[in-house]
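Colleague: Now for the letters of each chain:
Protein chains: 2
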Amino acid sequence: MIARFRQSLRRAVRHAVLPLLLLLAACGSMPSDTPESALPSWKDGPSRSAILEFVRTVTTTGPDYVAPADRVAVFDNDGTLWAEQPVYFQLQFALDEVRTLAPAHPQWRTQQPFRAVLDNDQAALLKQGEKGLLPIVAATHTGISVEEFGQRVASWTESARHPRTGQPYTAMAYAPMRELLDYLRRHEFKTFIVSGGDGDFMRVFAQKVYGIPPEQVVGSSFVTQYEMRADGPVLLRTPKLEFNDDGPGKPVAINRYIGRRPLLAFGNSDGDLQMLQWTAAGSGKRFAGLVHHTDAQREWAYDRQSHIGRLDKALDEARQRGWTVVDMKTEWSRIYVFETQ
Amino acid sequence: MIARFRQSLRRAVRHAVLPLLLLLAACGSMPSDTPESALPSWKDGPSRSAILEFVRTVTTTGPDYVAPADRVAVFDNDGTLWAEQPVYFQLQFALDEVRTLAPAHPQWRTQQPFRAVLDNDQAALLKQGEKGLLPIVAATHTGISVEEFGQRVASWTESARHPRTGQPYTAMAYAPMRELLDYLRRHEFKTFIVSGGDGDFMRVFAQKVYGIPPEQVVGSSFVTQYEMRADGPVLLRTPKLEFNDDGPGKPVAINRYIGRRPLLAFGNSDGDLQMLQWTAAGSGKRFAGLVHHTDAQREWAYDRQSHIGRLDKALDEARQRGWTVVDMKTEWSRIYVFETQ
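Respectively, the protein sequence lines represent chains A and B.
Position 162, counted from 1, in the first sequence is what the working numbering calls 162; the numbers after and before it change by one each time, with no gaps.
Position 44, counted from 1, in the second sequence is what the working numbering calls 44; the numbers after and before it change by one each time, with no gaps.
Keep in mind that the hints were calculated from the coordinates and are not lab data.
Possibly wrong hints are sitting among the right ones.
[What the hints assert, rightly or not] Using 35 Å as the maximum straight-line C-alpha spacing, the simulated DSBU-like pairs for lysine-lysine come out as follows:
1) A:K240 / B:K329
2) A:K43 / A:K285
3) A:K208 / B:K313
4) B:K127 / B:K190
5) A:K285 / B:K313
6) B:K240 / A:K240
7) A:K131 / A:K313
8) A:K240 / B:K190
9) B:K285 / A:K190
[As the list claims (entries may be wrong)] Some chain B residues well away from chain A (every beta-carbon gap over 10 Å; in silico):
10) A102
11) R109
12) P251
[As the list claims (entries may be wrong)] Here chain B is said to cover these stretches of chain A; the calculated rule only asks that three of the stretch's residues, wherever they fall, bring their Cβ under 8 Å from a Cβ of chain B:
13) 215-227
14) 232-238
15) 270-279
Given the structure is predicted, the values throughout are model-derived calculations rather than measurements.
Built from N, CA and C at the ideal position, the CB exists for glycine as well.
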């Protein structure tokens, strides 16, 4: 009975629906975005216009047309797709994990840099410098299986709240960028994250927050070891950094993971400069964009002097080469996905 | 006029086609393969039955159903998707390249191992051993940009012919495995190559030969450097091996590139053992398969004693754990894609 119903449905599809869809595809692109309805959290302005014009150009028949299979778009994560202040969210995860794991590590009460975290001693923590914080990263990111790490990150994203907004960290994704990801995918772009963050960290929430599946998340990585144990095989995260997906590492990782040059790249800091250069240097039309943090009121305002997300050389090069620099304050009508329109 | 036509088409789609498609999706899977028509180059037998049964189980509503987003299938390349005798095809590329590049390297006429290649001196070449061949790999795979390497591989796949069949190497892909890739994709699996071969080598032909896009090719890699030159940025391939995607490296690479455990894995040698273990150890139904080279007449017959594609431990473990072992001689009605049905 059901089989016969299915069969007749299949026949209907073959005879009526598929030809119609093929005809529609032949007529041009399926997406029904009008220039007015696309990217609703982007105000009319140079960045929104540049994005719409770029996507129109490479998806419309003509000399700059690019086939869907070659429509690759890459995005940095921290400061580009979600906020990164007052500290990178992954560092905040590490600090929170030290507190969570402390009962099992009594020696941390007297041992730096752990003691500074447990005492909430910002001054002592800052004194450690970036290198001094490595034991914290190692203790919270490695020595466990990839599965256990994923569970810990998942549990943190559920419970942790941002100190300024009181929102889950994943709710501090930028609404305009989420719209841009969706818009590109509606135009048959394949969207990737290419970020200095830990790949296994971002994969926990990338699908839900950005609509990006695990295999399209490119990040930094620790050396991982395959071990056969009595109860089965395990992938163990070791404290040795395997790859730092930052600066010149970004185009290298793009080649290694994606295997072709992006059509569009978006970043927000000097760590994205080489990714933008590599993208922009491709033949035909390319798009290189920077999110410029200019909104001290609704987000943060920082660029050349900041220790987090420093934007200096890339800002100069963007101005010089005519890349798109998004002025967050004047060009975004909404910042975070948790805000209502 | 066209705009109005498009608009009415869109309305038709919204009101008639989409609901029908949604209904159809709700009814079950779209693919119209019948058990009789699926995998035409596979004879009726235990392997074909195991594949059909596995795919039916994980794609049909029930306790073992897996959502399309989690349907990941991974395949070794050499000896699994295409032949690997009398030498790995990538090694043949390297040997051919030495001859192509020799005019620019007069010192190779007297320098081993290059001299042995130019003199076609198999005995001297074999005496070098695997390590002795490394200068050949370095000279033909590195010191050039990723673009130039891709062009060289493309040109070789166009011109080179296999010594036994006289066919281009890419025509020596296995027809039954190509059908399996297509069959899995029709059932909404995402198919990946996970191979010891160089990723940038396989990417040149993976789309055309296997229908697998560059970003779904996971392979071994050399350290690549980003350099800004006067005429723009370049990614330079250096002779330092970055990652050997073989043995325990395969589950490590699967985690690093794909970020989740496959539902199905296919290999043909001991280098695939850990990938099969890792896949089979996942929760729910999983599929682990080996191509067993048993056909001395139409292909080659080799396993435990072979230096190329040695299959020994993995064969024992497959028998013990009930993995699928494909008997090429009795289970494949056709071997290569160049053979007519």
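Colleague: Next step is simple, just say for each hint if it's right about the structure.
Modeller: Going down the list of hints, with the structure as the test:
no.	hint	in the structure
1	A:K240 / B:K329	46 Å, violated
2	A:K43 / A:K285	24 Å, holds
3	A:K208 / B:K313	41 Å, violated
4	B:K127 / B:K190	42 Å, violated
5	A:K285 / B:K313	52 Å, violated
6	B:K240 / A:K240	19 Å, holds
7	A:K131 / A:K313	24 Å, holds
8	A:K240 / B:K190	31 Å, holds
9	B:K285 / A:K190	29 Å, holds
10	A102	28 Å, holds
11	R109	34 Å, holds
12	P251	5 Å, violated
13	215-227	holds (count 7)
14	232-238	holds (count 3)
15	270-279	holds (count 3)
Violated hints, in rising order: 1, 3, 4, 5, 12; the structure is consistent with all others.
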